[in-house]
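Trainee: Sequence:
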Amino acid sequence: MSSAATETIQDAKPQRYKVTGDVHLVLRRGDTVLYGQRSNTGFEDGAWHLPAGHLEAGESVVTALVREAAEEIGVTIRPEDVQFSHFMHNSSSGGRMAIFFTVTDWQGEPENCEPDKCSALDWFALDTPPDRMIDYCRVAMKHIAEGTPFSVYGW
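In short: position in the sequence shown from 1, add 1, done, that's the working numbering.
One should not assume that every hint holds.
Stated by the list, open to error - Taking CB as the label site, the calculated pair distances span:
1) Ala13 with Thr129: 49 to 55 angstroms
2) Ser40 with Trp124: 14 to 20 angstroms
3) Ser94 with Gly47: 17 to 23 angstroms
4) Gly31 with Gly59: 33 to 39 angstroms
5) Thr149 with Arg30: 20 to 26 angstroms
6) Gly43 with Glu72: 14 to 20 angstroms
By construction, these hints were calculated from the structure, which means they are not laboratory data. All figures in this text were calculated on a predicted structure; none of them were measured in a lab. Beta carbons are placed, not taken as given, at the ideal position from N, Cα and C, and that holds for glycine.
Take the sequences, apply the hints, and build the full model.
Mentor: Written out as structure tokens, the structure is:
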């Protein structure tokens with residue numbers, strides 16, 4: 002091996018692992034949880050999923066959750082009412098960090114604010130989620146019901 006090639010290998014630094022952060026809202030009314038039915042997204046259309054979204058640059062996970070709740074279902078959530086529920090390291094799309102938060106106190110009545118991406122909203126019993134769900138969300142909700150704070154999915 003040439004000395005230039007050896008220097009290049011020695012100078013190379015490992016790439017930092019980059020992941021997408023997702024926040025998921027477990028909006029609970031008693032023993033029920035609010036889900037939206039996905040449509041026109043190109044990913045798992047027809048499946049039920051929690052209100053959720055990507056973390057944006059410069060945003061805390063709680064700020065992202067409060068923003069997504071307002072954008073998707075029109076409710077106002079105070080940051081102090083957000084409770085951590087579950088953290089999942091998900092292998093999809095090269096690796097995602099999905100953080101689930103439970104909220105039981107909010108202002109406003111949930112409504113479908115994104116009818117172009119969501120065909121319906123409905124409440125399902127915590128222990129009887131919708132039949133058709135995105136699988137990692139189903140697994141996370143099982144962990145949440147069991148009180149398990151961390152999981153790895155798909156690795």
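Trainee: It remains to establish, for every hint, whether it holds in the given structure.
Mentor: Each hint, compared with the structure:
1. Ala13 with Thr129: 49 to 55 angstroms: Between Ala13 and Thr129, where Cβ atoms are some 52 angstroms apart, the hint holds.
2. Ser40 with Trp124: 14 to 20 angstroms: 19 angstroms Cβ-Cβ, so the 14 to 20 angstroms window holds.
3. Ser94 with Gly47: 17 to 23 angstroms: holds (20 angstroms)
4. Gly31 with Gly59: 33 to 39 angstroms: Given about 36 angstroms between the Cβ atoms, the range holds.
5. Thr149 with Arg30: 20 to 26 angstroms: The hinted range 20 to 26 angstroms holds for Thr149 and Arg30, with Cβ atoms some 23 angstroms apart.
6. Gly43 with Glu72: 14 to 20 angstroms: For Gly43 and Glu72 the Cβ distance comes to about 19 angstroms; the hint holds.
No hint from the list above goes unmet by this structure.
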